[in-house]
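Protein chains in written order, with my numbering: chain A, 3 to 482; chain B, 3 to 482; chain C, 3 to 482; chain D, 3 to 482.
Any given hint might turn out to be false.
Just so you know, same-sequence chains aren't split out, so a pair can sit in one copy or run between any two.
The list that follows gives simulated cross-link-like pairs (lysine-lysine, DSS-like), each with its CA atoms no further than 30 Å apart [said to hold, decoys possible]: (1) K375 - K316; (2) K375 - K90; (3) K469 - K136; (4) K162 - K276; (5) K162 - K135; (6) K353 - K87; (7) K479 - K136; (8) K90 - K70; (9) K87 - K473; (10) K478 - K276; (11) K210 - K90; (12) K180 - K375; (13) K90 - K125.
Don't read these hints as lab results, they were simulated from the structure.
There are 4 protein chains.
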Amino acid sequence: MAKIMTIKKPLGTANDYRQSLRDMKTAIWAFGEKITNVPDHPLFIPHVNAVAKTYEVNNPATSHLTGKTINRFNHIHQSVDDLVKKVKFLRTINQLTACCIQRCAGQDALNATYVVTYEIDQKYGTNYHERFKKFMTYLQEYNLVTIGAMTDVKGDRSKKPNQQADPDLFVHVVEERKDGVVVRGAKAHLTGVSGAHQVIVFMREDSKDYSIVFSCPVNTPGITYIFGRQSNDTRKLEKGDIDKGNAEFACVGGECVAIFDNVFIPWEDVFMYKEYDFAGMFVEAFASAHRQNYGACKGGIADVLLGATYGIIKANGLTNASHIRDKVADMINMTETLYAGSLACSYEGHKTPSGAFVADTMLANITKHNTTKFVYELNRLSHDICGGLLATLPSEADLRHPEIGPKLEKALAGAAGITAEEKMRLLRLVDNISGGTACVEAMHGAGPPQSQRIMMLRDAKLEGKLKLAEKLAGIKKDKK
Amino acid sequence: MAKIMTIKKPLGTANDYRQSLRDMKTAIWAFGEKITNVPDHPLFIPHVNAVAKTYEVNNPATSHLTGKTINRFNHIHQSVDDLVKKVKFLRTINQLTACCIQRCAGQDALNATYVVTYEIDQKYGTNYHERFKKFMTYLQEYNLVTIGAMTDVKGDRSKKPNQQADPDLFVHVVEERKDGVVVRGAKAHLTGVSGAHQVIVFMREDSKDYSIVFSCPVNTPGITYIFGRQSNDTRKLEKGDIDKGNAEFACVGGECVAIFDNVFIPWEDVFMYKEYDFAGMFVEAFASAHRQNYGACKGGIADVLLGATYGIIKANGLTNASHIRDKVADMINMTETLYAGSLACSYEGHKTPSGAFVADTMLANITKHNTTKFVYELNRLSHDICGGLLATLPSEADLRHPEIGPKLEKALAGAAGITAEEKMRLLRLVDNISGGTACVEAMHGAGPPQSQRIMMLRDAKLEGKLKLAEKLAGIKKDKK
Amino acid sequence: MAKIMTIKKPLGTANDYRQSLRDMKTAIWAFGEKITNVPDHPLFIPHVNAVAKTYEVNNPATSHLTGKTINRFNHIHQSVDDLVKKVKFLRTINQLTACCIQRCAGQDALNATYVVTYEIDQKYGTNYHERFKKFMTYLQEYNLVTIGAMTDVKGDRSKKPNQQADPDLFVHVVEERKDGVVVRGAKAHLTGVSGAHQVIVFMREDSKDYSIVFSCPVNTPGITYIFGRQSNDTRKLEKGDIDKGNAEFACVGGECVAIFDNVFIPWEDVFMYKEYDFAGMFVEAFASAHRQNYGACKGGIADVLLGATYGIIKANGLTNASHIRDKVADMINMTETLYAGSLACSYEGHKTPSGAFVADTMLANITKHNTTKFVYELNRLSHDICGGLLATLPSEADLRHPEIGPKLEKALAGAAGITAEEKMRLLRLVDNISGGTACVEAMHGAGPPQSQRIMMLRDAKLEGKLKLAEKLAGIKKDKK
Amino acid sequence: MAKIMTIKKPLGTANDYRQSLRDMKTAIWAFGEKITNVPDHPLFIPHVNAVAKTYEVNNPATSHLTGKTINRFNHIHQSVDDLVKKVKFLRTINQLTACCIQRCAGQDALNATYVVTYEIDQKYGTNYHERFKKFMTYLQEYNLVTIGAMTDVKGDRSKKPNQQADPDLFVHVVEERKDGVVVRGAKAHLTGVSGAHQVIVFMREDSKDYSIVFSCPVNTPGITYIFGRQSNDTRKLEKGDIDKGNAEFACVGGECVAIFDNVFIPWEDVFMYKEYDFAGMFVEAFASAHRQNYGACKGGIADVLLGATYGIIKANGLTNASHIRDKVADMINMTETLYAGSLACSYEGHKTPSGAFVADTMLANITKHNTTKFVYELNRLSHDICGGLLATLPSEADLRHPEIGPKLEKALAGAAGITAEEKMRLLRLVDNISGGTACVEAMHGAGPPQSQRIMMLRDAKLEGKLKLAEKLAGIKKDKK
């Protein structure tokens, strides 16, 4: 298969990893510029740092292909225990980064491909599975990072790929050659291009022309990556680290639009072609594997959100305020319910004909589905607890300024000796994780919710309502 | 009272208004710099634009003090109709700005002061009410913008002002002079300093030393303003207008920390001093008046959010997708429930002894309280509908670049001839209103919620569950 | 029109009203029996009591048809003030009954018919409106109770009326005569038959054959009423009043299936026939008028639920427990939000071409829609607060038994001298209003929610999570 | 220990079990009567049937005490696999009964006692653990049903046991004898007395006088049981089985107040006495074990609710209605999230010093906590889908009546040949499970929620809102 020629030996350390990215010289467009020193550019460093963490924190597995010790992110799950270890590690590592580590989608795509290529071969007598095992062996040996390219840009979603005004709104084959195929089209939402070596491309649609699965190095000629903007993205380019929120990492993975402009893919890197009856199985195998993770990685991030929120509670002197504790209990409840989903679908995993293990589909789906509400709720509760300062906090430059810095230090000092800087750091971390703060005004403007609740309780005339109830319940109070 | 000497005639137009700000030369610190050309600085222009809108859109009232036509934002409500007009106008003007217009908190503080000074005079024989009427007449005549300074920085919230380690964590009087008082301390969350002429300062606490209400021009010597950071604040400094989201306005008002460093206030601008038994009434009168608004202003912004979201539905070709329509119905339900609260508390308003009308306290409180959940829910639903592109969209600079711009235009083209640029503009507007997008990953990563729901329905084995029910219900199917 | 011959003079008092029902001898089937002494049968007395309350509590309006003082429930709204008075009275009277008073649907149907007949006449030159005004004059003069028959039994809901296997699944005309029409079919959910004089029948469907609106006395030959079972319905037949929950009233209106078996309707009682383009307008006019009410009547019932719940809080000695107070605040918030909807849609009502006033459609719809969630939430919170005893309370017969009664009195005694009987009465009232208690086990089995929250807070290791956050926020604790 | 003399051999079958109850002659008061033929009385048969199911469905474990095959409900968990088997079986058996099987609380109390007696002995050198093992061996050999008595009646909850006006509001020792102790007091919420052989009594409070754990046969002299009323309890006494909802079983376990009037307990049945520092551990061990179950048993019942709801969807011809499918997806999501909690806390269980395995505390707590919301939400959604007929359905007696029965059969016929009787049976089952239907009026009165949503969408003027958004986003439409 298409090896990455600049990587000549297995990547042992985070430094090896960073150097491998430098050597690949993958170009990413951002803000109208073509950036070629991605791993050393401040816009991308926080994203690369999160991936590098997967090289730093010990997470080994034993390859069933070679028997060697490998990084678990390149492992094909051989047991329920593997599935459980995956999600437990995801919670742990996300606690350390509070940032998507960008390596699970690749692992999930690889496991899906492993499972489905076996099935295709069984039905059609093809040889995709062996071909893929070679690819896996290579990834495992060199400890490479693979990402997935799943979602086409789609255009009019009420139409199928071949009904679109422009056929390139879905990636598709435009030429078949003796040695491979040529593909065109555009994909959205590629997470982790800045830190990846390989990309695996899935076509979701069940029409023959649009059915292909392949891999290629991310720096393959003909692919243009354009980086998506993120909330507060340019704070990564600012001096200082307080306003970044997360001093070392980004808050999410960082996504690109990828445009495939007549990209050549040799046959050895093609793992499905025209067997469109398996397109759905690919998508589902990937989706279940990927949805398995969300209660764990978001649970890990929620742990950090909870920790930072708790720090603000302490800084405000409110550790014993019962309405605050009640909201913290709700945050815990959601965090652990998310995690319970990831655990349950892993423990209830099963073996596929390929020998690989996959999570329980139903439980994986409810796990992901719960994140789509709970993460927003967690943010809302954290905003409620943290108070309006979360959205009105001055900049680090103000804090550092000789004239107004001392004024801010005095004005923003917290309880129990917690300094203004510490409060700022925690609040910025909450801001970073919770994805922005404009709606804090709806929360805290005109007073926080608790202030309204106190007024409601005072004005509700509960004794009068009790009298109404007593009359209807046949309680005669005059006898007393 | 302390007039603003640089304003020599009534402000009739938005231009007059902007010029008046230039003349005042109020300084605001931001990013470690002291900015003195506030109304012409790109960081503040979007905020000033929103206030300027209140000079452009017709919103007159008749002063009960002078009988003259005045701007309604400087009006003391003389009827239920005035209360209703206030909230209806708020919805309308927020539909035009999708940004806090920063003038209602001042109006609410003025109305509260009007109501409470009357009561203090009745009890203590003081002369605050007449003094305040003079101030109001001045504001009305010159059409000035007043803001409120309500929230002290507080430090340890489990302690009262006089128990704090530092007495300056609450604004308080440090010296009494023949001609006035000297105040010290810090306030947080001053909305709208960049566009204001006057500030009215409330002390919330019910201890004698900390009980004072006064007004002063915002550029009074001794006050230092430090601007709070907001999500994506520096996009206001970038070229182009797409990435700003809201091309002309900010998304919220813009808040400052204000540090009062021995500021002198003449007696004629003091509207309560030491009558601490009225401190609670001030706060409550202000709070009810201000909470009255939230269903209307947030309702107006929600209208824009809904409109932008609907634009994306069209661009995706999904106007007939029933699960999408269902979410839109939920958005409408919340928007109109918010608004119903503002209307109800206004219509149920009543006259105070001062003659001014105030909203119903209970209903005003539930109105504001509902925004603290519904606004977050509205954002969540919009994120759900808009799809992952909301959080992975490239920059305007990329769209404008001669090499990759055309690629993006092609890749991001929408249904029904909606262009990539239009989609980008609408998505950025959603991003701007909904306060950031980092948690979109929790929504759309591994597929949007609907994709999980389809899987759940498929895997739920509903026919089998029906059999369980039939057995328990005593339904015998074998007879068929 | 078809007058009710047994009613010879206006009904002035509740006694007159009860006697009028006796005289009509309307038959209702229940439990396989044909009951003809409806107003004196224990199954129906609690329902009739609630309607009788509308004769007892003063609620007058001035007829625009005759200028006379009439019961407001027979009034055609002539102003916004009428709309507001309607909902305010609904809240008040439901506070007194905690039971549907069964007279608003009739009023709403009458108002809708008034509005739409005017429009039909305008378009088709028919004479429905005058005909209907005569009917209204009669109702007003004699102070009669009208109910609505709206919902057909429908069969297969994916099919239209004329596609059904059985044409009688929707009420329709089977014969046209010189003097009137003959109708057949079945309607579900007729609220308040047991206390009604007249019924007004709407056809919802927009096909010519199925388009008719008419009225008739409830005891018109050919109509069979079959009473629906309700939760704990037979407790109305038991001795004692504690276990009934609501000692005097039912909890809901009481619904019948009504089967029309070739019922003759004279032309003078027909208010639409074949003008099927107005069928939708009838439904909508009725629906908006009826949805207007729900925040008020359910708000009134919620007041009683809140009062009873508060009584239990006192009986448990928990008035100061903050987690309890927090739930009470949520109950208040929902109750008042419901009510705010009813107020807002009333105040925002407008005049129709007929001269009658109607509520704002959008706001009326959100009002009703909110009840479909909030009422369930209110019940849930009440169950949470009341504790498991709500669902495990022994019977009144046990309390009254000489041997075990004293044991129960001792065991169930409350705080502050509140007796076991008082507790039982309040809990049974909660049970009655909240519609049953089987799911209390899910609430309180294995301990109430608060007991789990305490454990979660204890086990969440918040200090450890704070350390994770501090590291990411760049806070160095070792320096301390 | 105190053996039950009437049970002379192991209970192998459900018949053996029923006979053993007859022989015990335990008396339960209900409706003011002392019932002594409990297992043959129609009020209790449905409850006993559910317990009997645990003798019918195969659920074996291997005793670690004797090596013999025993009923799993009398097993002390020896592995994670035991914990998982427990919850999986609970889901399965509750799918068969839709009714609490009343045997898990006993198992959980036994496991807790096993774990804690070991710890007490370690600390104090007592011999409780061996004593308890003998008791367990007896239960296992004879396959007896044990229930728990946990919750004291408590009186004023703001006060501790020894602060209460009446010391008997908590069970406590009133006399110490050579051969045992005498206890007095009252307990609430004893689930399953009607089907139990043994009861195990816990004292929750951490004061010495009130610290005791003991077991006794349920028919021990001196204990008075008074049965709690349940929603629709007397339907169990009616003819026919449709209106019961669940033809064979009750909907919940059936709870008693138990009054201990100087009950003698021999030392051999006492498993803690005065070691009050372990009272908390008993409660917590029991609570975690019991909370572990709730996602499984309620999940099983939710399966039946979902099945019955799906049956009504079919009867209404609405299987393809997308808003219905959307609500079903929500029901599935909650059901499986509940179950995921039970699975996760079981799989994450751990070994205690006693050798017994216990579930993870945090995850068990969130599991139970989720049921306190989700069960109510499931009911609400089912009510939404089932329509108003759920609460207005006539009685079985009406259906069986020769005159009106055929009318009902015709009027209530469903789609696809589903008969009126089948619809009634399914609706009554939903009614039975969802705990009553009075609040259905809030759901379906004035039309179901979907009817309001349609109106909202129609009236929301989305195109106008889009124009507002386009203006703010800088989209110029005139150029087109």
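The hints, checked one at a time:
Taking identical chains as interchangeable, the C-alpha atoms of K375 and K316 lie at most 30 Å apart whether they share a chain (27 Å) or sit on different chains (24 Å). Proximity of K375 and K90 under a CA criterion of 30 Å is satisfied in both settings, with 22 Å inside one chain copy and 27 Å between copies. In this homomeric assembly, K469 and K136 never come within 30 Å of each other (Cα to Cα): the closest approach is 79 Å inside a single copy and 43 Å across copies. For the identical chains of this complex, K162 and K276 are intra-copy neighbours only, at 16 Å inside a copy versus 44 Å across copies, given an alpha-carbon limit of 30 Å.
Proximity of K162 to K135 under the C-alpha cut-off of 30 Å is found in neither arrangement, the shortest distances being 32 Å within a copy and 58 Å between copies. When the C-alpha separation of K353 and K87 is checked against a cutoff of 30 Å, the pair qualifies both within a copy, at 16 Å, and between copies, at 20 Å. In this homomeric assembly, K479 and K136 never come within 30 Å of each other (Cα to Cα): the closest approach is 85 Å inside a single copy and 48 Å across copies. In this assembly of identical chains, K90 and K70 lie within 30 Å of each other by CA distance solely inside one copy; the values are 22 Å within and 37 Å between copies.
In this assembly of identical chains, the alpha carbons of K87 and K473 lie at most 30 Å apart only when taken from different copies (25 Å versus 61 Å within one copy). For a Cα distance limit of 30 Å, the shortest separation of K478 from K276 qualifies neither inside one copy, at 81 Å, nor across copies, at 44 Å. Within a single copy, K210 and K90 get their C-alpha atoms no closer than 39 Å, and across copies no closer than 42 Å, so neither meets the 30 Å cut-off. For a Cα distance limit of 30 Å, the shortest separation of K180 from K375 qualifies neither inside one copy, at 49 Å, nor across copies, at 60 Å.
Taking the shortest alpha-carbon separations for K90 and K125, neither the intra-copy value of 35 Å nor the inter-copy value of 35 Å comes in at or below 30 Å.
Comparing the model with each earlier hint shows violations of hints 3, 5, 7, 10, 11, 12 and 13; every other hint is respected.
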